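**Student:** Protein chains in written order, with this note's numbering: chain A, 34 to 156; chain B, 34 to 156; chain C, 34 to 156; chain D, 34 to 156.
It is possible that some hints are incorrect.
Because identical chains share one entry, a pair is satisfied inside a single copy or across any pair of copies.
To be verified - Here are the simulated DSSO-like cross-link-like pairs (lysine-lysine), alpha carbons at most 30 Å apart as the crow flies:
no., residue 1, residue 2
1, Lys136, Lys38
2, Lys142, Lys130
3, Lys118, Lys142
4, Lys137, Lys97
5, Lys97, Lys38
6, Lys142, Lys38
Keep in mind that the hints were calculated from the coordinates and are not lab data.
The structure displayed is predicted, hence computed values, not measured ones.
There are 4 protein chains.
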Amino acid sequence: MNAQKYESLEQLRDALRAFAADRDWDQFHSPKNLAIALAVEASELLEHFQWLTEDASRQLPAEKLKEVREELADVLNYLVRLSDKLGIDLLAAAQQKIEINAKKYPADKVRGSSRKYTERPSE
Amino acid sequence: MNAQKYESLEQLRDALRAFAADRDWDQFHSPKNLAIALAVEASELLEHFQWLTEDASRQLPAEKLKEVREELADVLNYLVRLSDKLGIDLLAAAQQKIEINAKKYPADKVRGSSRKYTERPSE
Amino acid sequence: MNAQKYESLEQLRDALRAFAADRDWDQFHSPKNLAIALAVEASELLEHFQWLTEDASRQLPAEKLKEVREELADVLNYLVRLSDKLGIDLLAAAQQKIEINAKKYPADKVRGSSRKYTERPSE
Amino acid sequence: MNAQKYESLEQLRDALRAFAADRDWDQFHSPKNLAIALAVEASELLEHFQWLTEDASRQLPAEKLKEVREELADVLNYLVRLSDKLGIDLLAAAQQKIEINAKKYPADKVRGSSRKYTERPSE
Numbered sequence: 034m035n036a037q038k039y040e041s042l043e044q045l046r047d048a049l050r051a052f053a054a055d056r057d058w059d060q061f062h063s064p065k066n067l068a069i070a071l072a073v074e075a076s077e078l079l080e081h082f083q084w085l086t087e088d089a090s091r092q093l094p095a096e097k098l099k100e101v102r103e104e105l106a107d108v109l110n111y112l113v114r115l116s117d118k119l120g121i122d123l124l125a126a127a128q129q130k131i132e133i134n135a136k137k138y139p140a141d142k143v144r145g146s147s148r149k150y151t152e153r154p155s156e
Numbered sequence: 034m035n036a037q038k039y040e041s042l043e044q045l046r047d048a049l050r051a052f053a054a055d056r057d058w059d060q061f062h063s064p065k066n067l068a069i070a071l072a073v074e075a076s077e078l079l080e081h082f083q084w085l086t087e088d089a090s091r092q093l094p095a096e097k098l099k100e101v102r103e104e105l106a107d108v109l110n111y112l113v114r115l116s117d118k119l120g121i122d123l124l125a126a127a128q129q130k131i132e133i134n135a136k137k138y139p140a141d142k143v144r145g146s147s148r149k150y151t152e153r154p155s156e
Numbered sequence: 034m035n036a037q038k039y040e041s042l043e044q045l046r047d048a049l050r051a052f053a054a055d056r057d058w059d060q061f062h063s064p065k066n067l068a069i070a071l072a073v074e075a076s077e078l079l080e081h082f083q084w085l086t087e088d089a090s091r092q093l094p095a096e097k098l099k100e101v102r103e104e105l106a107d108v109l110n111y112l113v114r115l116s117d118k119l120g121i122d123l124l125a126a127a128q129q130k131i132e133i134n135a136k137k138y139p140a141d142k143v144r145g146s147s148r149k150y151t152e153r154p155s156e
Numbered sequence: 034m035n036a037q038k039y040e041s042l043e044q045l046r047d048a049l050r051a052f053a054a055d056r057d058w059d060q061f062h063s064p065k066n067l068a069i070a071l072a073v074e075a076s077e078l079l080e081h082f083q084w085l086t087e088d089a090s091r092q093l094p095a096e097k098l099k100e101v102r103e104e105l106a107d108v109l110n111y112l113v114r115l116s117d118k119l120g121i122d123l124l125a126a127a128q129q130k131i132e133i134n135a136k137k138y139p140a141d142k143v144r145g146s147s148r149k150y151t152e153r154p155s156e
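Could you put together the complete structure from these sequences and hints?
**Tutor:** Next up, the structure:
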């Protein structure tokens, strides 16, 4: 196992491949199942915030931050695993989506206007 | 705007910072709201798989793969944005979680055994 | 089709059975798929609230309330359908859960104390 | 506390009102927070199915069925609570949605055709 700090998503991807192969778990890792697992982890992450005010969410106590950090890790791991199984370059897809959003929400048009956030979710 | 291909999560993080700042949207990006947005995107991703068999999910048609690619991007973008707001190093957290899981599910003990997958979710 | 106003969850259950049978859709309604659909609908419901403040969520405009009403309906429909497939009496289960919660959170102990909401989610 | 078996969603609604009032928890029950809690519970329900095959999901062991029953109850409780806070008649909304779906997916047109399930999610 590589004990060196991961420098890239590719290294994370490779570590996850090895992890599943060593345990013969690929059989369970259909994209459908991985998409379910990802949504479940995203919800476990959200659960930590459900009764907090927005302000409280900006100042999480150390113990809570530690738990949230682990959920973020679970989400990333399933995200990378699912993208790998589908042959998708995550970073390239994310960059492309920012460019799509930049055209959809031009800064000069939406700046200062909360309409986007009060009329429809942003993405 | 940086038109070069992103090489790292840090570059993605910086692009997302600039995107929100240019539009004065940080006010909406409390960790709580970002956690909600992340869970909503993970669910939109899952929706593409909900009526597919596991086998069909391994062979997505080109048009569907394109839509799924965009949802994966949305999930990564909110994940990076939320981690940034919380001051968490995502890749380091993911690596640490794999190490925790490796101890929790030693390969020699769980290999070939589907018990973990039939009795409790794995992570 | 019964045009009379439903008086009970049983009538809703029967209407959903007929709806699926008429379309030969039972084949898709495995409990697993129904659980996924339910989670997806719950997320579509949540999406309507994601950028709102808690106060704004208490005063939804008419158009938004109409959309939220439809999402609530979708969630109930999948919930009733899934419970039916699993042979579970929803109302009885809900009543039992309230009793469990009443013991877990005795009113005289938790009243006035927000600890439960700041330390762990309530249910 | 009413120990009689609930006969209707209205009785469930009233029991949930009393439960929250007795504990002074209405302050936390903004529609936004309730929508989050509902989505989180729907995900906890889904988690029980995430690694099962569709067939296995049709034959849950007794212990698993017991856990799933509790999650279904949690979902219904938050659904009824949220609908109550928004002044929405759940059963009427569900009935209306079935009528909308009946027009959108006429039985004679979609029967035997899985297109709806292979091209887009049904609802």
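**Student:** Against which earlier hints does the structure fall short, listed by number upward?
**Tutor:** none
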